[in-house]
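Enquirer: Fit chain B to the supplied structure of chain A, relying on the hints for placement.
Number of protein chains: 2
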Amino acid sequence: MSQLTIAVHGGAGTILKENMTPGLQQRYEQALQQALDTGYDILAAGGSSLDAVTAATVVLEDFPLFNAGKGSVFNHTGGHEMDAAVMEGSGLRAGACSGISGVRNPVLLAKGIMERSEHVMLTGRGAEQFARQLGLSFESEAYFYEETRYRQWQEALEEGKVVLDHNDKKFGTVGAVALDAAGNLAAATSTGGMTNKKYGRVGDSPIIGAGTFADNRTCAVSCTGHGELFIRAVVAHDISCLMEYKGLSLQEACDVVVYDKLVKIGGEGGLIAADAQGNVALPFNSAGMYRGYRNSRGGNEVKIYKD
Amino acid sequence: MSQLTIAVHGGAGTILKENMTPGLQQRYEQALQQALDTGYDILAAGGSSLDAVTAATVVLEDFPLFNAGKGSVFNHTGGHEMDAAVMEGSGLRAGACSGISGVRNPVLLAKGIMERSEHVMLTGRGAEQFARQLGLSFESEAYFYEETRYRQWQEALEEGKVVLDHNDKKFGTVGAVALDAAGNLAAATSTGGMTNKKYGRVGDSPIIGAGTFADNRTCAVSCTGHGELFIRAVVAHDISCLMEYKGLSLQEACDVVVYDKLVKIGGEGGLIAADAQGNVALPFNSAGMYRGYRNSRGGNEVKIYKD
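Which chain is which? The protein sequence lines are A and B, in order.
Count the first sequence with my numbering and you get residues 875 to 1181, in order.
Count the second sequence with my numbering and you get residues 875 to 1181, in order.
Pulled out of the complex, with its shape left as it was, chain A reads as follows (with noise of 0.2 Å):
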């Protein structure tokens, strides 16, 4: 039997200690590890790591702090557009959509697309449509509003800028990876992309081998950072094909591609890894990033700033 294995992200960016209330980092730290429990619990009852990262994504979705489902920025028009992938990395099965509005959990119709539809990728209205016959929730824009990310949105509207996720340059986005009892690892991300986004702008989130990859051979990932950046370096595959070609483990692939590749491109961000032998890595290269693991070695941690 596999160890069990699960991590998860709530963003990168510039999150630093000084900007945080104590009473605001509980409120973070606890949504983590309810997303870690979440997805164990699926894991430790002998579930599959694909429920596991769709549930613990699932919370991070619900939780208003981070940016996925209901806490998603404002767009240019003042709606929500969001994105979300999943991989199984047995059979390389995956599913995405983008562009979305009112689906209470993207993660959901991203899981749904790939079991139940003949297609990778679906998109806007289209993928809408597909939600509703899958019966998946819709949510009123009520639901979505907050009143910070408001804020966020008028002033980014004033600045007539897009930002990345606020004014703190936080990359929001959220994710989990994990391997199961059968050794099948996966990945699910989920994002409400950029405030004041136009154009019906894309980041790596759905994009299979940028933001979200998973082969059982190597490993499962799940990034968070500037998107533009992911998507031109493909880094979740990249990840993937250094351990598989060149034969590094994941923690030395991870660096390669976080502290040396993406750098060197200007990719500010990070992302969470787990490998078929139970590892994980939660490098980023950003000030901070909303991170955490739980294995069945008993390892439990949970971290937002730097060590």
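What you were told as hints is all true, and nothing was included just to trick you.
The list treats identical chains as one, so a pair stands whether inside a single copy or across any two.
In the DSS-like style, the derived pairs of lysine-lysine whose C-alpha atoms are separated by at most 27 Å in a straight line are:
1. Lys-1138 / Lys-1180
2. Lys-1177 / Lys-1138
3. Lys-1138 / Lys-1120
4. Lys-1135 / Lys-1120
5. Lys-1177 / Lys-1135
6. Lys-891 / Lys-1177
7. Lys-1180 / Lys-1135
These aren't lab readings, by the way, just hints derived from the structure by calculation.
Expert: Here is chain B on its own, set in the frame of chain A:
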């Protein structure tokens, strides 16, 4: 000075000589040659590989028999939703659009997104809005109307199927790769997707790493095939990684991906690729692929079937 090289494709699939007339075959071959010559003339005049692949792809988009631009297939609602991407190997810059209607040459929008936005991927109505700001040409539905495509859609509607290009199981996509005198590689891909497609389906063409990729250190790749499988296998980036991390030649890397890895997951199709030495590879695991290449060593070939 580098060898000048350009290769193009007009889709792969069950393309059989017995279903072709001499006149039709000549039209296909002329279109491919015209695309090669258009791109090659730019390279020979000292132009960039990016300009060469874009211009070659415009020729293929304007040709009514390939599934891209003017010849795009009908989607489920009787419209046309097109996808395109470009990438240049120096600096890994990329641009892509998906689910766009009315834009005469989607590849020009992909190039405009790369050069004139801060984003990599724009979708749907938002991407069209950006195209208008760029001053790109729009066409009415009449321009995109092709009798053959309409019949294929009607047949697909009756059968309730999503079909890849038409009854012949052809993966309609066009694309180009090139190496310019400065040693820069570039790739471009454009498609109308699948006949009768629903739900805003997006294939591999606009996905950087899957259908389109370029890196001066390795190769430029443009794919055509069953998009879902090409996304899951991150085909274009995989070829690059096999060269970079495993030291395979362009041809060896293409052979591994097209004849082994893709076949194992049922991924039918092919691709065109060029490396920094001016080598080209045009592998496909389907019955045929519209393809050709031209280089400064005097090489010039246009082919449709297996040898």
